[in-house]
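Asks: Sequence:
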Amino acid sequence: MLTRPVYQVHWLQSKALKDRWEEELELIHSEAHWTSNFFNFKACFWVNMEDSTGHAAAHRGQACYVARQSSIYGRLRDHCHDMFDQDAFL
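Reminder that position 43 of the sequence shown reads as 43 in the working numbering, one-by-one numbering, no gaps.
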């Protein structure tokens, strides 16, 4: 009876495909978490730099750069939290 091996092969191929998609979904969730953590780290780093730099007249350019970086990474962090919220993400 040839049909039984055909069904077994089809079932194994389908299971392998399902397993690959489950692994991909797990990777996507992990990458979203890693991205959010990275932006949070960079935002905190630049906020600390902003606090340590201050607004001294001699380092106005540096203070502006640090404030801009802090703002950029803060917005990226907030955007990640909004986009990758556990209830809304996948």
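Simulated from the structure, these hints should not be mistaken for lab results. Ideal placement from N, C-alpha and C gives every residue a C-beta, glycine not left out. Hints may be right or wrong, so weigh each one.
Each pair of labels, with its calculated beta carbon distance range [as the list claims (entries may be wrong)]:
| id | residue 1 | residue 2 | range |
| --- | --- | --- | --- |
| 1 | Val-6 | Phe-45 | 24 to 32 Å |
| 2 | Met-49 | Glu-26 | 18 to 26 Å |
| 3 | Lys-15 | Gly-61 | 58 to 66 Å |
As a list, the in silico SDA-like pairs of lysine to any residue whose alpha-carbon atoms are at most 20 Å apart [stated by the list, open to error]:
| id | residue 1 | residue 2 |
| --- | --- | --- |
| 4 | Lys-42 | His-81 |
| 5 | Lys-42 | His-79 |
| 6 | Lys-42 | Glu-26 |
Asks: Each hint should be assessed against the structure and marked as holding or not.
Replies: Quick rundown of the hints versus the structure:
At roughly 58 Å, the beta carbons of Val-6 and Phe-45 sit outside the given window of 24 to 32 Å. Range check, Met-49 to Glu-26: Cβ separation about 35 Å, and the 18 to 26 Å hint is violated. The beta-carbon spacing between Lys-15 and Gly-61, approximately 60 Å, falls within the hinted interval of 58 to 66 Å. With a C-alpha separation of about 14 Å, the suggested pairing of Lys-42 with His-81 holds against the 20 Å cut-off.
For the suggested pair Lys-42 and His-79, the alpha carbons sit about 14 Å apart, so the restraint of at most 20 Å is met. For the suggested pair Lys-42 and Glu-26, the alpha carbons sit about 24 Å apart, so the restraint of at most 20 Å is broken.
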